[in-house]
Amino acid sequence: MKRPLLWLLWGWMATVIVAAFHWAPLAEGFLGQSSRILFFHVPMAWVSFVAFMVAGVRSLAYLAGRRTERRDQAAAAAIEIGLLFALLATVTGAIWARIMWNSWWNWDPRQASIVVALLFYAAYLALRAAVADREARGRLCAAYATLGLVVAPFFYFVLPRLGFTLHPEAVINAQGKVEVEPRMLVVLLASSAGFTALFFWMHQLRTRLALREARLLEGSD
Amino acid sequence: MGGPTWVTAVNLVIWTGIFLYLLRLERRVNDLERER
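Chains A and B are the protein sequences, given in the same order. Be aware that the first sequence starts at 332, since it is given in the working numbering, and climbs by one per residue. Be aware that the second sequence starts at -4, since it is given in the working numbering, and climbs by one per residue.
A few of these clues could be false.
Pairs of lysine to any residue, SDA-like flavour, derived with a Cα cap of 20 angstroms [stated by the list, open to error]:
hint : chain 1 : residue 1 : chain 2 : residue 2
1    : A       : Lys333    : B       : Thr3
2    : A       : Lys333    : B       : Gly(-2)
3    : A       : Lys333    : B       : Trp1
4    : A       : Lys333    : A       : Phe531
5    : A       : Lys333    : B       : Phe14
6    : A       : Lys333    : B       : Ala4
7    : A       : Lys333    : B       : Pro(-1)
8    : A       : Lys333    : B       : Asn6
9    : A       : Lys333    : B       : Val24
10   : A       : Lys333    : B       : Asp26
11   : A       : Lys333    : B       : Thr11
12   : A       : Lys333    : B       : Arg19
13   : A       : Lys333    : B       : Val5
Because the hints were derived from the structure by calculation, they are not lab data.
Given these sequences and hints, build the entire structure.
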């Protein structure tokens, strides 16, 4: 990415941080300042979903098109970063739950579904580490991550809605309406956009590093 | 300095640290690719 664009991202996220704590109002029905965690928790969960979808699309391209090292490494990089963001979303969610529900963990459907999603994608990394042959590993991992195109939307959007949940209603409610105070919505969308850009930067860097690493390993064989 | 101001300052420091780390990584990857 171009250097001025990166500094723009720094400024964008710095503004989001200041706005989240000083411009956006507190949400009704939340204890103290706890609703401010929403501006980081929701975008982190969103980015983890985007990352898993990127991995799925790259893997599908690997299986259906040319089986290049870049596609394989790009899928793996997306899953690594997706796991990081999913973990951060889980931790920020647990902090919020401690404040609101007086308990870090309640096995709420949303908490359970993110744990299963984490396990599903952690298994991808285990699979990757278990197969030594490069082509077999690429093929198996691509098939697994392509399966994620169905599994991830189920864990993120379907499973949490199947049972009773204490989790606050999603930004877009069951009637398809956005019921969020306008200033909160602005900060939330700005934060989501910033986190998404950050993901694509990290993803591009991780892919390039992984390709370099793979070439070095090839050279040492 | 208390409450939200303190948390804002901590968040800004963390974000700046992550940003500078990624920027340095970007420069190093560029150098590595140029050496090749």
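Margin query: Let me make sure I understand: some of the numbered hints might not hold for this structure. Which ones are they, in numerical order?
Written below: Structure breaks hints 1, 2, 3, 6, 7, 8, 13.
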